[in-house]
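Just so you know, the sequences run in chain order A and B.
Numbering-wise (the working numbering), the first sequence opens with residue 783 and increments by one.
Numbering-wise (the working numbering), the second sequence opens with residue 783 and increments by one.
A hint or two may mislead.
In this list, chains with the same sequence are indistinguishable; a pair is considered to hold if it fits within one copy or across any two.
[What the hints assert, rightly or not] Restricting the straight-line Cα-Cα distance to at most 27 Å, the calculated cross-link-like pairs of lysine-lysine (DSSO-like) are:
#, residue 1, residue 2
1, Lys1107, Lys960
2, Lys1026, Lys1115
3, Lys959, Lys903
4, Lys984, Lys1026
5, Lys1107, Lys1079
6, Lys862, Lys1026
Just so you know, the hints here were simulated from the structure itself, not pulled from any lab data.
Number of protein chains: 2
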Amino acid sequence: MKIEIKPLKVYLLGLMVVLGTLLSCQTKTETKTDTETIPVSKPIAAADPLPSWNNGKTKKAIMDYVEEVTNENSERFIPKVDRIATFDNDGTLWSEKPIYFQFFFAIDRVKAMAADHPEWKNKQPFKAVLENDMPTLMKQGEKGLLEIIMATHAGVSTDEFEAIVKDWIATAQHPEKKKPYTDLVYQPMLELLNYLRMNDFKTFIVSGGGIEFMRPWAEEVYGIPKNQVIGSSIQTQYFYNDGKPIIKRLAKIDLIDDKEGKPVGINRYIGRKPVFAGGNSDGDLQMLRWTDANEYKSFKLYVHHTDSIREWSYDRKSPVGTFDKALDEANEKGWTIASMKDDWKVIYPYEVK
Amino acid sequence: MKIEIKPLKVYLLGLMVVLGTLLSCQTKTETKTDTETIPVSKPIAAADPLPSWNNGKTKKAIMDYVEEVTNENSERFIPKVDRIATFDNDGTLWSEKPIYFQFFFAIDRVKAMAADHPEWKNKQPFKAVLENDMPTLMKQGEKGLLEIIMATHAGVSTDEFEAIVKDWIATAQHPEKKKPYTDLVYQPMLELLNYLRMNDFKTFIVSGGGIEFMRPWAEEVYGIPKNQVIGSSIQTQYFYNDGKPIIKRLAKIDLIDDKEGKPVGINRYIGRKPVFAGGNSDGDLQMLRWTDANEYKSFKLYVHHTDSIREWSYDRKSPVGTFDKALDEANEKGWTIASMKDDWKVIYPYEVK
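Turn these sequences into a full structure, and let the hints steer you where they fit.
Right under this line is the structure:
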């Protein structure tokens, strides 16, 4: 388990820090039965495949790259089969403040499951969650957080878990934005995904978030098929009883698809290095280095959260989406850094006029 | 590791039994520098997408199914995104006699690596391999076999391993057929893969064989992209030294993608149940049951090795590709069984006139 322990610790420790902001901002999620349909992207003007990107060097760099590597007469031409584009999810394709949205899911699950677990009233870390008692929850540490994840993500079949996620994502709302979480995807990134696919790139999500938390809705929201959604995972086991096969989710870590785990996940699921990768934090640095090692000309994109009005502004010192070491390396190596404030006309699809 | 131990034992024990036939039939592989290009399939007549299948109930069942589920006016219509087709490799897409071809690779690797491992001359199980000493090799048991696999498949980077496999597959020859291994794929199955893709099915390999043993050549041979090739795997670890990222292959089992491991692999890599699955042995039974559990109408295909003249004839008692319990279940449940002798006009692409 050597490969997993380090990223897992980093991941969980990071979460413990940010959990501090969690319960204070938690509000009751409202039930909404008529799910809004989120378009994969707004119609694209023929003249401009990236209409929500301001004209400037970032947009130009992206389009110059795509035009160069898809031009058969270019020395930098990349065959279609090698046009692999990988994107982080939290903070790159959708927001991640005040905490990774999957943690609102976990907290909501503890509360929803509490009736079937009367013992949780007196058992940590669940007691603290149920009582919104942050100081006590913090004292449970990494072990307590892992207990919450496993209690809310394991123990059910894969089919059951998918139904639970679908129900939650259709009804839950972001505590500050008062919108469904899937409304909080970035319009410019939806356009970028589409633009790459129009140019025969295969788009993948490579996220620290749970693979089976993302797959139930990523297809519709991002236009990325389930088998191209890569994330952290727990182990599973196949059972066959009374002629019925099921796969159960076990309370054991499989892959932590963050930091060093991202190239490992890319190798496992894709089997070739990306030529285009997008991220927003230090957790994506290894993926971008892996992309940079491609023999084909590659494009490394960092989304910088610079917009305190329309989204959130944070980087080096933020416990969620820490962008520090990677910000230095991106600058040193001349990777592209998109400023949300300066490069994006709108942030969310619902802002498009 | 509970989920992996059982399939691993079954897999290795099966291999130990068949290893008996290995060294007796081994011949020196010849070097061939000009790799032949293997067409994904012969051109398909507009009137008949499966020209190498004899007209009969098997071919009709396949085509009736595809026509029904792709007809938007049918009650059995399946949306494109759910058209997942999974195929075993050994014995389903290419031959597997006298032993899984990957084992010829492992044996060849032991011999190729022997110069760098002078200690192997006096160390089992390598000594037995180098001396073609079958009785002694058999006595090394499961542990010895695992040692051979790990010594030949781990310890190098993923890039290095890919180059080794590419070199071997381009030069090695089957000991009896005297052909490159990639010539020994089944022409009717190439046509079936193409036919499904023409009807917007996404085709996957789900094999007990090594994922990184298949990916270097499956794309060209089967027209299946690397990220749709699923197989058994070992763990990997990411390293970053002197500004260069590499992924190393570790001597630790990750997934044994056989029997109970096949639905687990399908869930991990694809995230939805197949609607079409093809196999040839008891090792595929769990995959076909998983497919049969799909809410959409599904198609379960077994390839039965009935042709002792053109290929090999074996089923219930064969240690490679044992087709016993699954043969009974396929008959009971009315799954489709293709007889190589009766249903296939030709076996290999080079036989097509």
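Hint by hint, work out which the structure violates, then give me just those numbers in ascending order. Of the numbered hints given earlier, those the structure breaks are 1, 3, listed in rising order.
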